[in-house]
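Visitor: In case you want the letters, here they are:
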Amino acid sequence: MGMLHNLADLIKIKKDKMTILVLGLNNSGKSTIINHFKKPGDQSAIMVPTVGFMVEQFYSMAGVSIKAIDMSGATRYRNLWEHQFKNCQGIIYVIDSSDRMRFVVVKDELDLVLQHPHLCNRIVPILFYGNKSDAEDSLSSVKIAAALSLENIKEKPWHICTSNAISGEGLGEGVQWLVQQMRFAMLSNKDASKAKSKHTK
Amino acid sequence: MADGTPNWLHVEMEDENPHLTTLTSCMTLSDVQGDGYIRLLAADISLEDEAYEPSATLKVFRGLKIKQEQPLPGIPTSIESLYIDETEPKTPVIAVAIAESVLFYRHLKPYFKYTIPALDSDDLELEVWRKLPVVQADTHNALLESLKGIDHAKLSRKSQRLLQLTEAERPAFIKTHRDSAVGRVGTIVIMCCIKRVSSDANPPSHLMLATDTGHIFILEPQGFNLVYQGRTCSHETAVPSLLSVQGTYETDFCIVVATRNGGVYLLRKSNSEGQEIFKLSKPLTGLLLLPIDQTILASTMDNRYQCYSKRGKLLYQVQLESLPVCILPLTMTHLGITLVAVALRGGAVKFFLQRYQVDEFVLEETVDAMLYGRMGMEDHVLTLVTQSGQMIVKILRRVSRFEPRAEALAGRRLGASDNKLIDGSSILDKPKKSSIFVEQAAREKQQAKATYGSFQVELWRLRHTAARATINAINSSESTISGDLTHAPVKLSAEVCGSGPAFRLYLTVQNLSTFKMASNLTVLLHADRRHYAIQQTLSRLPSVLPGIPLRMDFEVVAVLDPMDKLPPSSLTLDNSLVRVMLMKAGQAKPLIAAAVTMPQSEAAY
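Protein sequences, first through last, are from chains A and B.
Residue numbering for the first sequence follows the numbering used here, starting at 1 and increasing by one per position.
Residue numbering for the second sequence follows the numbering used here, starting at 1 and increasing by one per position.
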């Protein structure tokens with residue numbers, strides 16, 4: 001029975017709901033990105049700053065049901081982020097690639113996220129969106145990665161891609177990577193827990 | 001701070017570092033485009049280029065990049081961004097104070113120019129200017145000499161300029177300026193904003209202007225009317241150098257002005273002439289009126305950071321290592337505190353929470369100008385401009401907390417010795433002398449004799465009046481039955497027993513009324529001290545009931561000469577009296593005043 005269950009897990013992983021946390025500073029385009037993933041009928045035309053957080057449900061192109069927690073990026077709501085760290089399988093970190101002044105804040109907040117005890121010992125894939133690629137002084141993904149010194153993130157899989165949340169450019173590619181990584185992470189986590197349970201027996 | 005990470009995140013500058021020469025007052029943050037992105041506006045004053053006159057440019061930064069530039073017609077003293085009305089969408093107006101005018105820009109386009117009212121000039125100066133164009137050139141010198149008699153600061157600008165010119169240049173200057181008005185206009189030295197009413201989202205504001213003639217105006221920027229006119233103080237020489245305002249125009253506000261001489265004056269909405277709160281011997285470099293605790297902070301040239309109450313009491317002071325160049329309040333609404341940033345010469349920037357230093361960072365150069373507030377999308381951005389024109393941007397970490405260090409608090413509890421050292425040399429707390437006090441003190445000194453004489457005359461006159469009133473009161477009640485109808489009638493009879501020198505005086509008090517009780521009575525005996533000694537001269541009586549007589553006795557001893565055992569010679573039959581007064585509590589006049597004649601005393605054995 002147990003083996004059958006494992007098999008089912010392998011095949012029907014799409015039945016699982018994956019929880020993604022969408023983080024980033026205010027005005028970086030988090031809600032706009034989520035809005036783009038929603039069904040055409042549900043999309044809203046005007047975006048307003050998120051208060052607290054919003055929970056959105058959508059299916060990725062691979063057919064995986066994704067629950068996205070769209071956190072507010074406003075300074076006074078950023079302390080709510082850490083409450084969602086425990087039950088998330090993936091993180092999307094949205095960066096306004098044209099707001100060069102605030103890169104230092106982006107980096108500071110990212111460090112706080114990575115150092116949090118609920119995340120530092122788990123394998124949680126992080127996807128960076130260098131958003132607003134259409135803006136005139138936007139930076140390339142390589143430059144953003146250098147500015148945020150992403151190469152120092154060793155224990156978590158990460159990926160950066162430029163995106164334009166208004167046109168939807170670059171969004172799909174990123175989510176595809178994230179879903180794949182989350183699958184790996186879940187499997188390896190399960191293996192790890194299985195190994196652990198065997199070991200204790 | 002505890003975990004070693006700084007409270008301020010340093011923003012890395014891009015390759016093309018903007019060069020800026022400016023002052024704290026010439027920097028402001030504004031949503032100029034009305035798109036919700038707050039830009040930094042600064043007047044870049046170029047003084048280096050010797051070949052040209054100093055000029056200024058208004059630069060608009062989006063983030064760290066210069067987006068727009070606008071040449072200004074002069075060197076500004078201050079730049080403010082304000083909202084003038086409630087209409088949506090709200091667009092800010094940029095006010096630039098240059099010399100005697102305020103230029104208003106809307107969407108960075110010139111929109112209005114306001115010039116402060118001219119002051120009346122001296123009659124003599126008017127007369128001179130009437131004569132100058134018509135008289136011969138050789139009489140000009142005499143006229144100019146008469147102009148020099150007037151205080152230079154009170155002359156109009158064209159007269160001041162004329163006095164500087166050489167004789168050859170004068171006729172041409174007089175010819176071109178013969179018809180221009182001889183007005184004296186003050187130069188705006190400080191400009192700041194005051195909110196009209198208190199509300200959160202970009203309330204409309206008024207402009208506060210201080211001129212070098214000591215006037216303080218509040219300009220209402222919709223109709224460009226002056227709605228408040230005040231003066232720093234009654235004398236002309238008080239030139240404001242620093243100003244800080246708190247409150248709202250509609251309810252109440254408080255203005256603190258520091259002058260170039262070191263005096264600090266307080267003006268209120270109800271009081272348009274400044275009152276001196278305190279005076280410092282050293283010039284001030286910064287002045288702040290804090291919003292919550294309403295204390296006045298001053299940084300001075302003798303490296304001190306001082307805090308005063310509005311009454312001028314020194315609350316605390318901190319000795320700094322070097323000269324404070326500029327100070328800036330940082331209101332952190334999310335923490336509910338107001339920090340004060342003090343930039344010192346040498347590049348250190350210190351942050352104070354009340355008297356405690358809570359943070360510090362050191363830059364390579366002295367900071368000349370500071371600006372704090374919402375910039376771009378970030379709420380707490382500190383922009384610093386150094387002496388060489390380098391712009392440094394720091395952003396407050398979200399997780400930063402500012403608390404005084406434990407050892408600072410502990411040191412304070414023990415009564416830190418270095419604090420005491422400073423306190424010792426502080427200003428003496430002397431009482432305020434009113435003009436009437438000074439006047440009277442001077443008069444007393446000059447006419448001491450006459451003052452003393454007239455005081456003595458008045459004193460004797462008072463004593464005489466008092467004595468007369470006493471005699472009258474005693475005489476009018478001289479009977480054995482009280483005549484006061486409002487109280488129970490009381491009868492007093494006396495009897496003297498003994499042959500001397502010790503006598504016993506028996507008094508009987510009888511209440512003649514049938515139903516009223518006589519209460520709160522006191523008996524007082526009075527005799528000449530030289531003749532009779534009475535052990536007990538005063539006795540409180542119990543309530544006297546109707547019909548029951550109250551008897552009491554007193555010992556009266558006649559005074560005898562110890563040598564010849566005879567009564568003193570001054571004792572005659574007429575004055576061998578003991579006065580007995582029956583008094584009721586709360587009444588000045590005795591009910592009964594009787595005189596008991598004492599028999600002649602036997603000689604003592």
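Rather than coming from a laboratory, the hints here were simulated on the basis of the structure.
Note that the coordinates shown come from a computational prediction; the quantities given were computed from them, not determined experimentally.
A hint or two may mislead.
Derived list of chain A stretches under chain B, where covered just means 3 residues or more per stretch with a C-beta under 8 Å from a C-beta of chain B [what the hints assert, rightly or not]:
#	segment
1	42-49
2	108-120
3	130-139
Listed next, the in silico DSS-like pairs over lysine-lysine satisfying Cα-Cα at most 25 Å (straight line) [as the list claims (entries may be wrong)]:
#	chain 1	residue 1	chain 2	residue 2
4	B	491	B	565
5	B	491	B	432
6	A	107	B	584
7	B	90	B	113
8	B	279	B	310
9	A	143	B	584
10	A	143	B	154
11	A	67	A	86
12	B	154	B	175
Counterexamples of contact, computed for chain B against chain A with all Cβ distances above 10 Å [what the hints assert, rightly or not]:
#	residue
13	10
14	74
15	75
16	140
17	142
18	173
19	282
20	399
21	435
22	457
23	506
24	517
25	530
26	568
27	574
28	599
Note that the Cβ used here is the ideal one computed from N, Cα and C, for glycine as well.
Visitor: Which earlier hints can't be squared with this structure?
Guide: Numbers 1, 3, 4, 5, 6, 9, 10, 13, 20 - these are the hints that the structure violates, sorted from lowest upward.
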